[in-house]
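**Q** Taken in sequence, the protein lines are chains A and B.
For the first sequence, the UniProt record's numbering gives the first residue as 1, with consecutive numbering after it.
For the second sequence, the UniProt record's numbering gives the first residue as 1, with consecutive numbering after it.
For the record, the hints were derived by calculation from the structure and aren't laboratory data.
Ideal placement from N, C-alpha and C gives every residue a C-beta, glycine not left out.
There may be inaccurate statements among the hints.
As the list claims (entries may be wrong) - Pulled a few chain B residues facing chain A out of the computed Cβ check, cut under 7 Å: (1) GLY103; (2) GLY125; (3) ALA130; (4) LEU134; (5) ALA150; (6) PHE151; (7) ALA163; (8) LEU167; (9) SER170.
Claimed, not checked - Listed next, with one range per pair, are the computed distances between beta-carbon atoms: (10) GLY219(B) with THR232(A): 53 to 59 Å; (11) ALA233(B) with THR243(A): 55 to 61 Å; (12) GLU127(B) with ASP3(A): 47 to 53 Å.
Protein chains: 2
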Amino acid sequence: MKDYKAWCFDLDGTVYRGESPIAEAVELIGWLRKEGNRVFFVTNNSALTPSRQADKLERMGIVASPEEIMTSSLATAGFLLEQHGRMDVEMIGEEGLREALEGAGHRIVTEGGEAVVVGIDRQIGYERLASACLSVSAGARFIATNGDRAFPTERGFVPGNGAFAGLIESTTGVRPTVIGKPEVHMLAEISSRHDLRKEEMILVGDNYETDIRAGLRFGIDTLHVDTGVTRTADLAGFNEQPTYQLSTLADWPF
Amino acid sequence: MKDYKAWCFDLDGTVYRGESPIAEAVELIGWLRKEGNRVFFVTNNSALTPSRQADKLERMGIVASPEEIMTSSLATAGFLLEQHGRMDVEMIGEEGLREALEGAGHRIVTEGGEAVVVGIDRQIGYERLASACLSVSAGARFIATNGDRAFPTERGFVPGNGAFAGLIESTTGVRPTVIGKPEVHMLAEISSRHDLRKEEMILVGDNYETDIRAGLRFGIDTLHVDTGVTRTADLAGFNEQPTYQLSTLADWPF
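Please work from the sequences and hints to get the whole structure.
**A** See below:
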C-alpha cells in the first residue's frame with residue numbers, strides 16, 4: 001500500500017453514523033496522526049461551521065481541529081472569491097454558510113444579490129425562495145453548496161439543499177453550479193491551502209456517487225469502505241473502480 | 001358557430017390580466033349571460049376560495065357567483081373524495097385549499113396524512129415540506145393541485161406550487177398526481193356537478209399548454225384567444241388545434 005501524506009475522510013457513513021463514531025475509523029485516524037500524516041474531513045454538510053463540526057467529532061472521541069474540516073460552504077465561499085472577487089451574496093443557508101461567506105469577505109444581502117448560494121436552511125420560507133428566483137432570473141451567479149436532494153434523519157429522508165436548488169432551477173430554468181462532492185472543489189481547496197500534490201492525497205468514503213467520484217474526478221487515490229451508502233458488492237456496477245475496497249477501515253494494514 | 005350551453009373561461013390572460021379586466025371578455029360574458037348561457041371560470045389558482053375569486057371578478061366589473069368558480073382546490077378535494085372517501089390530509093396550501101378540503105369532509109392534519117396535497121403556500125416552511133416528504137415516502141397519496149412551476153408577479157416569476165411538488169418528488173422519488181389544467185379534473189367536475197354533456201361545453205383560454213390541452217383531453221370544443229401566454233402564430237407548432245382561434249374575444253360573432 002502506498003504511503004499517503006494527506007488522508008481526506010468523508011464523515012457520515014465513514015467516520016460516524018449519525019451521532020455514533022465508527023470504531024475502526026477512529027482507530028485508523030489515531031494511528032495516522034501518530035505516524036505523522038495529515039488528516040482532513042471533507043463534508044457536503046454546509047450547515048455546521050468547522051469549529052462546530054470539530055466539536056461534534058471531539059464529542060465522539062475523534063480529535064480534529066477546525067483547520068482540518070473542509071465543508072461545502074468553505075469551498076463555495078472560496079470558489080466565488082476566486083472566480084468573481086468579493087460579492088453581494090443572497091444566501092439560503094445556516095450558520096456554517098454564513099460564516100464561510102463572511103469569512104471570505106462576501107457581503108450577505110437579502111435581495112438583489114450578485115450571487116445566490118443555496119445550502120441547507122431549515123428556516124427557509126417562501127419569500128427567501130421567491131427572492132432567490134428573481135435574482136437568478138436577473139442573472140445572479142447560482143451556486144448550490146452541494147447537490148444532495150435528500151438526507152437521512154432518524155425520522156426518514158427529508159429535503160436536502162439540492163432539492164431547494166432544484167426548485168429554483170425549475171422556476172427559473174437556470175442550472176446551479178454545484179460545489180460539494182462529487183465535484184472536486186473541496187479537494188482542490190485542501191490541495192491548494194495545504195500545498196499538497198495529488199499523489200500525496202487519498203479520499204476515504206462510503207458513497208460511490210459522491211465520495212469516490214469526487215476523488216476519481218480530482219485524480220487522487222480513493223478508498224471505498226463498506227460502512228455506509230454504497231455496498232462493496234455494488235461497486236462492480238461502476239466503470240471506474242476505487243483504488244482500494246475495504247469492508248471496514250480495520251482492514252487497512254496499519 | 002355552434003351554440004354552446006356552458007362556457008368555461010380561464011381567468012388570467014383570458015378574462016383579466018393581473019388586476020385589470022380584458023374588456024372584450026367582459027362584454028362577451030355579459031352577452032352570454034343575457035342569452036341564457038351558463039358561464040364558468042376554471043382556474044389553476046388554488047389559493048383563493050370561490051367566494052374571494054368571485055369578489056375579485058366583481059371588483060373588475062364581471063358578475064360571477066361562487067358556484068360558477070371551479071378551482072384546482074375544489075377539483076382536488078372532489079378527486080380525493082371520489083377515489084378514497086374522506087381522508088386525513090396533510091396540506092401545503094392557503095385558504096382556498098383548506099376550505100375546499102374541509103368542505104368535502106376531509107380532515108386537515110399536520111403529520112402522518114393519508115394524502116399529501118400541495119397547492120401554493122406563501123407561508124411554507126421547511127418543517128411542512130419535511131413532514132410531507134416523510135408521509136409521501138410512507139405511502140400517502142401525493143397530489144399537486146396543479147403543475148405550474150412558476151407564476152408571474154409584478155416582480156417577475158416566483159415559484160409556483162408545481163415547484164414545491166417537484167421538490168417533494170425529487171426528495172422522495174414519488175411523482176404527484178396533478179389535478180389542474182392541462183388535466184381534465186376541473187372540467188369533469190363542472191360537467192358532473194351541473195349535469196352538462198361534453199358537446200354542450202366550450203373551454204376558452206389563452207394558454208395552449210394548460211387551457212387548450214385540458215379542453216382537448218376532456219374532449220370538448222376549445223377557443224384560443226391571443227390575449228395571454230400562447231401567441232396565435234405559435235399554435236401551428238402544435239399537433240392538435242383548438243376549435244377556434246381569435247385575436248380577441250370581440251371577434252366572437254355575438
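**Q** Each hint needs a verdict: does it hold in this structure or not?
**A** Quick rundown of the hints versus the structure:
About 25 Å separates the beta-carbon of GLY103(B) from the nearest beta-carbon of chain A, more than 7 Å, and the hint is not met. Residue-level restraint check for GLY125(B) holds (minimum Cβ-Cβ distance to chain A is 6 Å; threshold 7 Å). Because the beta carbon of ALA130(B) sits about 4 Å from the nearest beta carbon in chain A, less than 7 Å, this interface hint is met. For the restraint placing LEU134(B) at the interface with chain A, the shortest Cβ-Cβ distance is roughly 5 Å, inside the 7 Å limit, so the hint holds.
The beta carbon of ALA150(B) is positioned within 7 Å of a beta carbon in chain A (closest approach about 4 Å), and the interface hint is therefore held. Given the 7 Å rule on beta carbons, the hint for PHE151(B) is violated: about 9 Å separates it from the nearest Cβ of chain A. For the restraint placing ALA163(B) at the interface with chain A, the shortest Cβ-Cβ distance is roughly 5 Å, inside the 7 Å limit, so the hint holds. With a least beta-carbon distance of about 5 Å to chain A, the hint placing LEU167(B) at the interface is held under the 7 Å criterion.
With a cut of 7 Å, the hint placing SER170(B) at the interface with chain A holds, because the nearest CB-to-CB distance is about 5 Å. Checking the proposed 53 to 59 Å range against GLY219(B) and THR232(A) shows it holds: the Cβ atoms sit about 55 Å from each other. For ALA233(B) and THR243(A), the Cβ-Cβ distance of about 59 Å falls inside the hinted range of 55 to 61 Å, so the restraint holds. At about 48 Å, the beta-carbon gap between GLU127(B) and ASP3(A) stays in the expected band of 47 to 53 Å.
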